[in-house]
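**Student:** Residue numbers (our numbering), protein chains in the order written: chain A, 1 to 772; chain B, 1 to 324.
Hints listed in this document are in silico derivations from the structure and should not be mistaken for laboratory results. Any given hint might turn out to be false.
Said to hold, decoys possible - Stretch-level coverage of chain B by chain A, calculated; a stretch enters the list once three of its residues show a Cβ under 8 Å from a Cβ in chain A: (1) 117-130; (2) 134-148; (3) 269-276; (4) 314-322.
Claimed, not checked - When the alpha-carbon atoms are kept at most 20 Å apart in a straight line, the in silico DMTMM-like pairs for lysine to aspartate or glutamate are as follows: (5) A:Lys-455 - B:Glu-318; (6) B:Lys-117 - A:Asp-695; (7) A:Lys-769 - A:Asp-394; (8) A:Lys-770 - B:Glu-317.
In this text, all values refer to a predicted model and were calculated from it rather than measured experimentally. The beta carbon of each residue, even a glycine, is placed where N, CA and C say it ideally should be.
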Amino acid sequence: MAEQKNSYYTQGLSVPETPAPGEEPAFWKQTHVVGKRLPRVDAYERVSGAAVYPSDITLPNMIYGAVLRCPHPHANVTKVDVSRAKKMPGVRAVITGQTPEAKKLKWKYNDYSGPLFDTHCRFEGEAVAAVAADTHFQAWDAVRAIDVAYEVLPFVADHNKALSDDAPDIHDSGNLVGTDEYERGDVARGFDAADVVLEQEYHTQSELHTPMELHGCVAGWDKDRLTLWESTQGVYAVQSEIAEILNLPLSKVRVIGHYMGGGFGSKLKPGKYTVLAALLARQSGRPVKLILTREETYLCTGNRPASTMHLKAGVKKDGTLTACDFTCTGPSGAYPAGGTALVDWQIRDLYACDNVRCASKDVYINAGPARPFRAPGHPQASWALEQMMDDLADKIGMDPVALRLKNIPEISQGRNQPYTTTGLKQCIEKGAEQFGWKKAVERAKAHNQTDTHIKRGVGMGACVWFVGGGGPPSTVIIKLFRDGSVNLNMGASDIGTGTKTVMAMVAAEELGVAPEVIQIEHADTETTQYATPSGGSKTVPTESPTVRNAAIAVKRQLLEMASEDLNVPASDLDYEGAQIISRNDKNKRIKVTDVSRLKKRGVVVGVGYRGPNPPKKSVNPFAAQFCELAVNTKTGEMQILRFLSANDSGRVLDRLTYDNQVFGGIVMGIGFGMTEFRQLDARQTGRLCNRNWHDYKLPTALDVPVDMESLPIEIDDPEANNTGTKGLGEPVTIPTAAAIANALFMATGIRFTRAPVNPIEMRRHLTAKKEG
Amino acid sequence: MLPQFSYVRPDTLQDTVRHLKEKNAAIHAGGTDLIGCLRDGIMQVDKIVSLNALSDLHGIRETADGGLVIGALTTITEVAENLLVKQKYPGLSQGSSEVASPQLRNQGTIGGNLCQKPRCWYYRGEFHCLRKGGNTCYALDGEHQFHAIFGHDLICVITHPSDTAPPLAALSAQLKISGPEGSRTVPVENFYLLPVEDLETETVLKPGEVITHIVLPAPAKNLRSSYRKVRARRSWDFALAGLALALEIENDTVTRGRVYLSGAAPVPWRSRPVEEAITGRKLDAATIQKAALAVVEDANPLPENTYKMDLFKGVVEEELNAIR
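Bound-form chain A, shown alone:
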């Protein structure tokens, strides 16, 4: 077979040494593909529209589902009469809590388990019934024809009132989901040792997940086998949960999720809609498409919980932090869903401090349950901690950058174990240098002395992300065909981050093939291997070492095969470009595509597994962000002028998708800090006010700066895993809002303790300041 030009074993490309059987691969010293700016391998499909997302699926005989949802934040369903709906044209399935196949089913929130259809509706948007009909329109007409009666109950929508005596009990156990406490050192002694002690209350609003693709799926049965085309971050997570709920063997549930339009944590698991689609499909004997409306997703597919935080911190004149005392109350929503999950991690772990106490209280309110939202808990506490750091710096007359550099911890204090690597110091130092921090501060302060109502400010914040090291399990299969082209088979989802592209680059690096000859097969429980869902910034550090191991498994087999052709032991062989050669006798060489057994067999299959993480060490990414902005002190309008993000996420695999993540994280952080908030009609009806894209304000292109800079801080981390990678997707959005708040303080002299700071909030504070 003729070698194709530029496809197989690209000329001159060296291939990393193949470790002997049983040996771990060496850390890549120099790379040829990895680290470049490569466009996405599926760019054509995505841009041309050829990519098929679950929302695009159309099957023969497919019908459409719709869900009747409780319009009250708290109510008992007293009657559900579907007799009229059943007779409506086109209707093929109607499901309620009384339908035999639904009656026995359970739905879980963390450790809470309740009926799939609970007559006690604890949030607006809870499912009461579901229908499927030949058209979308008929399905919704049928939903409207269901005769349902509610006994409306008193509600509580404000997490700060959830535990008060006059708040109605949302669950029999009361409104406390749980508490979490942490302590190290002696906080009282720490405060005694401080020269300055400050305390402040901080608030952040609830943010709603707004992925471009709505939540939903297509469900179809083939006898006793269920297939789900689900918009998900993890096909295996959907498979296991649906199999458990429907009491099916895993092998009878196939979940396909090749393309999906974003999730940000809200699609780590199936939705109740997934179960409803499966039940409607079974009852009707047809595939059912159930894609929620945006209004429905805003009500019931998750949120970043609001927070009320209190932070007291002490510092010595030389900048040494002596104590931190942090409390937080946050709402899970109507069911246990992590209302304060990970919220104190920045306090526990980011800055060196011997005396730390954290206490959080997770409460129920009558609103949709939370779901993980890009770096759960972290931007909230960062909002508090990073502003407090600036206030402390101000009080002791120290530069904010210097104060942070003074308090770089040597180990992960929250875990009491070392990090494999920490780039916190470099992120702050190099980020400040690249940003021109000192000059920018001087410039802004000089500008603010002039006679203008447009004030300027610069601000910064740093962060650590709770996880980000990935870990087992993961299995990847690489097939090398006899012409040298490759099939890469993995279960992981590409949630828009470029997973497919970077994995192709890892395989290309290890095998010496061009990334474009690698075909990717992924995110299908029937045809690809087990993977945990893409979340927690763990996909790259979990899957890329596995891909590398699979590629090495291919290479080892090829060496064995070549040893037969060359009549030398495999241990004497290694790769040189597109050939396998003997180390001792350079004349003994064979082109990989000439290896007899490869030609005969047609394929070599390599299986890679994700090895364990280093024992007793923590693998974490770090970041520091810097911004410059302007404030119109007459109108309260703000403009972010530039942003820089310095990220230690280990090795950069694809600089292009890396930068995409950084910019996306900054944009989302701007949303958290300046534009987005869920507005409940808390004082009257408890219902959601802003359920569309006008009223729920995502930042637009004009709200984000053109000047965004990504500065990777690449530190060799061979201990973390064999690609030296750490997660990136979440740290990029943690300190953004706090950096903005710190810049706003420099511009206005006002501490903005409530997020988001939009022109309304800004104008209110400017007035309050004026009036003293």
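Fit chain B to the supplied structure of chain A, relying on the hints for placement.
**Tutor:** Okay, now just chain B, sitting in the frame of chain A:
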């Protein structure tokens, strides 16, 4: 989900009016507001009457006296970018370019922009509010940070969403309206109804009536106009506060001034106190200061929107400084 309706696209104005006269008929021009209204079920619609076959309603032309006639179906983008509009009425050009987002400006029409339904989240949401035939204004005691500080009479606290109506009213534009009883002309300043006048509808349009053209008088020799909009985010958002100025300035002195606010009231709100504060005066620091205080003189803010007081003051200060 859209309701069921029939759809007609008549090619004469006469037929259009005939269809519109029917019960629960609604106009389709650009459709950017209509689709949302239908989807949110805020009005009962049985028939949709498209204006898109009416070619007379498109385009911008100069009148003999130097004014402009703008067809109601002219897109917002066309108005924003038209050179005659930019030369003669920069305030209208600015107002148009501040509308929504580029996509919506390309699709939305100037006539439709004037006839938008309110954007109150209670009105648009699943709340049976006063304006939809219910018996309470939820915004009054609820979440009203985006709502009115003038002209609500504590009845209904919507703000009018248009960014083109305030400059058009300031520029003394007139609307040509066709209807079952023939055609009539209504000044933009008299086109809108306060809640105290009528709760069910926002304009004086009667069943069967449609705006066909907008007529702008020739600009006075010394006319300066502008429009400034402050919003919660920088694109695709309605005004928290806006200011349309149409001032005639001779020898630094304002000889005539018309001032309209957006984001302020259920209608484009004429600020006579500002007009009085500046007319006959030089736009110096003292006058501007007076005007800034005057703008909120008659305001009746609600607990969550008192910030609009200083916001309007700030906008008046900035814009009078900019235009002088």
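**Student:** For each hint, tell me whether it holds in the structure or not.
**Tutor:** Each hint, compared with the structure:
A count of 7 residues in the stretch 117-130 of chain B with a Cβ less than 8 Å from any Cβ of chain A is obtained; the coverage claim is therefore met, three being the minimum. Restraint check on the stretch 134-148 of chain B versus chain A: 5 residues with Cβ-Cβ distances below 8 Å, three needed, restraint holds. By the rule of at least three residues with a Cβ nearer than 8 Å to a Cβ of chain A, the coverage given for the stretch 269-276 of chain B is violated, with 0 such residues. Residues of the stretch 314-322 of chain B with a Cβ under 8 Å from some Cβ of chain A number 4, which satisfies the need for three, so the listed coverage holds.
Distance hint between A:Lys-455 and B:Glu-318 is fulfilled; the C-alpha atoms sit about 15 Å from each other, no more than 20 Å. For the given pair, B:Lys-117 sits about 15 Å from A:Asp-695 by alpha-carbon distance, which is consistent with the 20 Å threshold. Between the alpha carbons of A:Lys-769 and A:Asp-394 the distance comes to roughly 19 Å, so the proposed pair stays at or under 20 Å and holds. Taking the CA atoms of A:Lys-770 and B:Glu-317, the gap is near 16 Å; set against the 20 Å cutoff, the hint holds.
When held up to the earlier numbered hints, the structure conflicts with hint 3 and nothing else.
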